[in-house]
Every structure is written in structure tokens, then in C-alpha cells.
Amino acid sequence: MTMTISTPSRAAEQPAAATPSRRKRTFGRDTRAGYAFLAPWLLGFFLLTAGPMVASLYLAFTDYNLFGAPSFVGLDNFRRLLTDPDYLQAWKVTGTYVVLGTPVKLIAALAVAMLLNTRFRGKGFYRSAFYLPSLVGASVSIAIVWKAMFIDKGPVDTIQQFFGAPAGGWVGRPEMTMPMLILLTVWQFGAPMVIFLAGLKQIPVQLYEAAAVDGAGPWRKFTRITIPMLSPVLFFNLLLETIHAFQIFNSAYIISSGTGGPARSTLFYTLYLYFRGFRDFQMGYASAMAWVLVVVIGIVTVIFFRSSRLWVHYSGESR
Amino acid sequence: MKRSLVGAVGMVAAASMVLTACSSGANAGAGGAGADDPNRENPGAEPVTLVLNWWGNDDRASRYAQAVDLFEKEYPWITVTTGFSDFPSYWEAKATEAAGKALPDVFQFDSAYLREYAQFGHVLDLKPLIDDGTIDLSGYDEKLVAGGQVDGKQVAIPTSTNTLAMVVNPDVAAAAGVDLPKDGYTWDDLNTFMEDVAGADTKTADGYKLYGSADYTGTFWIFLQSLVQQGTQPFTDDGKLNFKESDVVEWLKSTADLRGGDAIYPAARAAAVKPKTGLSMNESVGEITWDNFLAAYTADSGKDNLKLIPIPSGPDGTGNFFRPSMHLAAGANTEHPYEAGLLINFLLTNPEVGKIFGTSKGVPGDKAQRDAIEAPAGSVDAQVIAFEDQIGTTETTTAPIPVKGFGTIEASWLTLSEELGNGLTTPEDFAKRWFSEVQNAVG
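Respectively, the protein sequence lines represent chains D and H.
Just remember that my numbering sits 520 ahead of the position in the first sequence, which is counted from 1.
Just remember that my numbering sits 187 ahead of the position in the second sequence, which is counted from 1.
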């Protein structure tokens, strides 16, 4: 933020050095204009983001049910988190989803991006078609369709029955809801796919040609050229999708009909947070949960950045 | 540069302070404005606009619209603006409005939240309006009126009553070759009945097995009903639980054999067919539920011969209770308590309004409204009214006023029972976890 503000004014400073009065006027006008343009964002940031964040940090240390005034309880909310079986279940569900869903989604995205990067007819159509699921109605409408696919007598159920598998749909069975949600996120691979595609386009063809001359097969080309050359993009996608996976809400809410069920199998972190805050009116507790999530995502991000030094290669970097 | 930045921040801070100050100022003004309402002495002296909110669907919305039209004709100086949403979003919105002291003048209320709202003074005490005749409850049973009282204050008034009943589908019973439970049957008889239906191993055309009922121990209200049957009031007057972990364990164990023996409508199937149920899928003979749901079951199942029979009897008779429902309350922040009272009175007691709503909100508490319902013999309305009349001749109790946090502990009961049905927990663990939830929710 400071960078963007200071750069233009410093630029204005230099040519006007000979005439101080003019310099002052330009400086003032530019700054004012800068702030005027920034004002909507600043207002939004302070009133709608920073303000509530500070408030929620305070509320995390209180008992607040929305009706009465918050009462300070110190670390009680955080202590309660440690012994709350539903909270631990929420971590278990979310963790499984992040650890299994994110890599599978990225592998699918990369595989399809590589397919779309080859020469064939109707490439444009396929690119749009694969990107579409991540575009339509964010995720609400997709989740509704997804649920319809997996319910009793839905298409998946019918196919399963045809092959003699037990029927009844996946939605009601606690052991099947996680695979269902992971499949849903994998299917919405459009956004990382487009980024991978852009990354693949950046890899010089000469590298592959040289490798071919040296006798490298497709797998060797993939592991020795594609992956290293793509590693910054891979890192970006991995980070983004992991953070995204931690925050899953809509699809879990819709598929469990807003209950986190059956039998807490879709009790994701944000869903549980929402229940505590808005169904049970335990805003202090929900705020504590929110801050723990922020910290955990922060730690995961730091770990990713640290580890990236070992496996992410930027062109022109000597290592 | 720096100074400008500080200036900008200061400006934003000032703006936010001004905004905050504005809102708290408005709230302060709203609180005490009702006392010297000019309309109380001279109705119609000032035009008034009231906000009326409820939860429900389009069907209920059109009924409310008709009722409001009638009200505005009778009180031409009052304009009513309305709004509605589904049950969960409704309470989310109300909680936020309560926090901002911006509750509607009149709004539909549920007993599950009575204590929370009453305790923090968010709803108006309607007693003065009843005392001065603005709200006329002469057609009401006193016990029903008491269903809206907390700590000596009349914080809401129930529109209607519903009571737990067993909704049964005679066709499914006939298909399984089992007779419906007879009057005066007990919980053990019900269990035997469920074993008989499941034991017949009859299947629907689609290949789904027929069952007697879902696991009734999974519904918190049915557990409360069983406690009342044993002479235990589930909640104390000061809003605490009046039963122990062992009571819960015993209750859950009463159907343990059925769960183990595949004699209960399977939990996985129940979750799969949501929002329908075994009964509305025509795969289960019966279900214990609120009697005013008969209309919904009739519509969902496509059967018009569903019947209401009483729930099983306890050791000393059935001990069925009426649950005061669809309360109306007024926001404590209303600027027009008198007009809010007029609207509440109109909705609760006007016979035409009774005719408009029928039994869609339960059986009306007011006699004139009940009498006004045109229910052809055999219709759903007629069945529900007849059922409550039948229960009314033997029953005398009103459902206990739920404790604070009732919504939370009820939801927790349901989740745990899903785990129990899926074999993921035991009755002992259920009780332990549920009580720890109670500790946090009820306080």
C-alpha cells in the first residue's frame, strides 16, 4: 500500500525540484487525487474488514451471544476448543479434505491442462467446457446438481445398481460423503487448469526438442523439464488451493442440508464455526475458532514458502 | 505525506465514530417512544407503520397477506409492511436484529428461543396490553397463555397448539400384514409392532424394505414427552435440566435391540431421503411427529388416507402435552407498542383470520378462530382438530418452556442420534457428549 502511494509522488518530486512552489502544488494535488481514488477502498477496508477483524479478535476472548454485552472470559474459549469433540471432528474432516482433495485436484488440473496444450481440433471448445464448472454460480448451483447426482435413485446410484453394488445413494452414508465432496472439488479444477495452461505455454519448445535429440522419453521430459519449469505455477496453485480447501463451506452446507451430517461426516471447520456463531449464538467461541483458523492457515503458508526454496525454480535464478 | 495518511486514517476513524454514534442514538430514541403514544388515547391521531415478520413459505405468505389486508381495513391509520424467510435464516436475522435493537414491531416466535430473548429484554412484556384490553385473550385456555410467560412476563402469545401424534399409513401396515397399534398401547407395544413389521420382510415395488417406524428416541421432543409421562418436568422453573445422564441412557437403550436387529428405519436411508421421511416415502407405517404436519405428510406421500393416532401411553395414561406454537411477540424496541398490540390481537383472535390460516399453523388457541375454521369432514383440518379435541379430553398438561439454548441442544441430540443410528457411538457416550454440550449452551 505504501509503495503505491509513494511512487507517483516521488516521481513528481524530481522534475519539479527547481521550482519549489510548483512542486508543492503538484504534490498536494496528486496526493489528494490519490487518496480520493483510494477512499472507497480505504473506507471499505477499515469499516468492513479491519474493523470487524479487530472486533472479532476482542470477541474471541469474551462470552458473547449477540443479545447481551460481551463479557470477558480470557482464554476460556480457546481452552474449550481443545476439549470440544465436535471441534476436533471439524479438524479431522477439514484436514482429510485438504490433504486428499487438494493434490488430487491439482493432478487432475495439470493432466487436463497438458492434454489441452497439445494440438487438436476444437481446442477452444474443450478449454471452455473444462473451465465452466468453476465459473457457474461459484459453487451453490453446482453443489445442488452434485447432490442430485448422488442421491438415492440419482444417476450414480442407478449406475451402481446396474453393476450390482448396494444402492441408496451416497448422501446418507457417512463413509461416502467425503469421497463425494472430494470428487466435487476435483471436478471444479477449471481455475488451476487455466493457470497451468498458461504456465505450460511459457516453457520453451526448444527444451523439449533438445531433450528429444538426447533421447528422452515422455516421462523423462515431464519430470525433468515440465515439472521444474512449471514449479512456480505449481507452487502458486498449491498454495491457493490449499487455502481455499481450508475454507470450504457452500458445498458442505448444501450437501448436508445445512446440518454437517450425516453423523458429522461433513462437519467442516467453517460450517461448524457458522453453527456456533449463528445457530447457537456463541459468537465469542466462533470468533476464537476463526482466529485459530487464520493462524493455522498462516503457519501452513509460511511452511509452503519456506519449503518452496527447495523445489521451486525461477528462471534466471542461479542455484 | 505521512501527515496526510494520518489525516486520512483520522477521517475514516471519525466517520466510523459518527456512524456508530448515529446508530446508538437512534436506538436510544426508539426505546422509550411508546409510552406517550398519541394513538392510545385517540386512535388514528397519527399514521403508523408496523413491521411484521414470520418464517414460512409462499403459502403462509399469501395467508398473512390476506390477514394484513383485513387488518389495514379495520385500522386504516396503520400500514403493515411484511417480510419472511425460512426457519434457520429467520432466527439468524432475528439474532442480529436483536443485537442492533432493531427487531420488527411484531414477529412470529418459537418457544425454543423464548428464554434468550426474554432474559435480555428484547421482547416487549405484553401483560399491560392484555390488562387494558388491547389484546383480548378471553377465548384462550389459561395454560396455553402461560406457554408464552417467562419470569412472570408475557413475552409472547402462542397462536396455536400442536401435539405429538403418531401419523400412520394404513396401506403400509396392511402390506406388511400387521395391525395398527391399538388405543392405550405402550412404548413396549410400539417396539413389538416395529419388530413385527420389519420381521414380515415385505418390500416396496422398488425393492425397499418396509419398517414400522424410524428410531423415535432420536427426537428430543419425544424424550421430553416420555419424561412428562413418568411425572418428571424436564426443566426447572429457573431454566435448568431436571433429568440426568442415566435417564438419557435408559431412553436410548429402550430401542437398542431394534437398532441391532434391523427393525428400525435405517439411519442411512433416512438421511438419503431427506427432507422426506420413511413415512412420506411410503416405506414406514408410522412416525411420531407434530399433528399439524399431517398436511405435509399427506402431500409428500401422495396418500389421502393417513391417520393420526395417539402416541404410546406412559405408566399413568398417555400424558400427552400441548405445545404452544407460532407465538407472536413484539420487539422491545417498537415505537408503537399500542398498535403492535392491536395487530397481535387481530391476528390471534379475529375469526376471519382463523378461517384464512385453518390449521396450517396448528389448531388456533382462540375459540372464535377455531370455530371459524371451515373443515369438511375427513379433511386434514378436520382430522387435526378432532385429534386435538380427543387428546384434550384426557390431557391436561402444557409442554415445558424450553431452556435457554434449546435450539442448540436439540440440534446436538439429532446429530448424536444419527451417529447412534449409524453405529458410530453408544448410548453412554451419546449422553456424556450431549450433557457437555448442555453445559455450554444452557450455562
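If you're looking for bench data, these hints aren't it; they were derived computationally from the structure.
Honestly, I wouldn't trust all of these hints.
Stated by the list, open to error - Computed, partial: chain D to chain H, Cβ under 10 Å:
#1 Leu586
#2 Trp690
#3 Glu695
#4 Glu729
#5 Ala730
#6 Ala731
#7 Arg740
#8 Phe742
#9 Ile774
#10 Thr779
#11 Met803
#12 Tyr805
Don't be surprised by glycine CBs; every beta carbon is placed ideally from N, CA and C.
For the hint on D/Ala731, does the least C-beta distance to chain H fall short of 10 Å?
violated (52 Å)
Interface hint compliance - D/Met803 to chain H, C-beta minimum distance less than 10 Å:
Since the shortest Cβ distance to chain H is 9 Å, the answer is holds.
Using the nearest Cβ pair, does D/Thr779 come within less than 10 Å of chain H?
The hint holds - D/Thr779 has a Cβ within 10 Å of chain H, the shortest such distance being about 7 Å.
Go through the hint on D/Trp690 and say holds or violated, using the shortest Cβ distance to chain H against 10 Å.
With a minimum Cβ separation of about 8 Å from chain H (threshold 10 Å), the hint on D/Trp690 holds.
D/Ala730 as an interface hint toward chain H, with CB separation required under 10 Å
violated (52 Å)
Please check whether D/Phe742 passes as an interface residue: C-beta within 10 Å of a C-beta belonging to chain H.
violated (42 Å)
Please check whether D/Ile774 passes as an interface residue: C-beta within 10 Å of a C-beta belonging to chain H.
violated (12 Å)
Given D/Glu729 was flagged as interface, is its beta-carbon under 10 Å from a beta-carbon of chain H?
violated (53 Å)
When the least beta-carbon distance from D/Glu695 to chain H is tested against 10 Å, hint result:
holds (9 Å)
Min Cβ distance, D/Tyr805 to chain H: is it shorter than 10 Å?
holds (8 Å)
Hinted contact D/Leu586 with chain H - closest CB pair below 10 Å:
holds (4 Å)
Can D/Arg740 be said to touch chain H, with a Cβ gap under 10 Å?
violated (48 Å)
Checked against the numbered hints listed earlier, the structure breaks hints 4, 5, 6, 7, 8 and 9; every other hint is satisfied.
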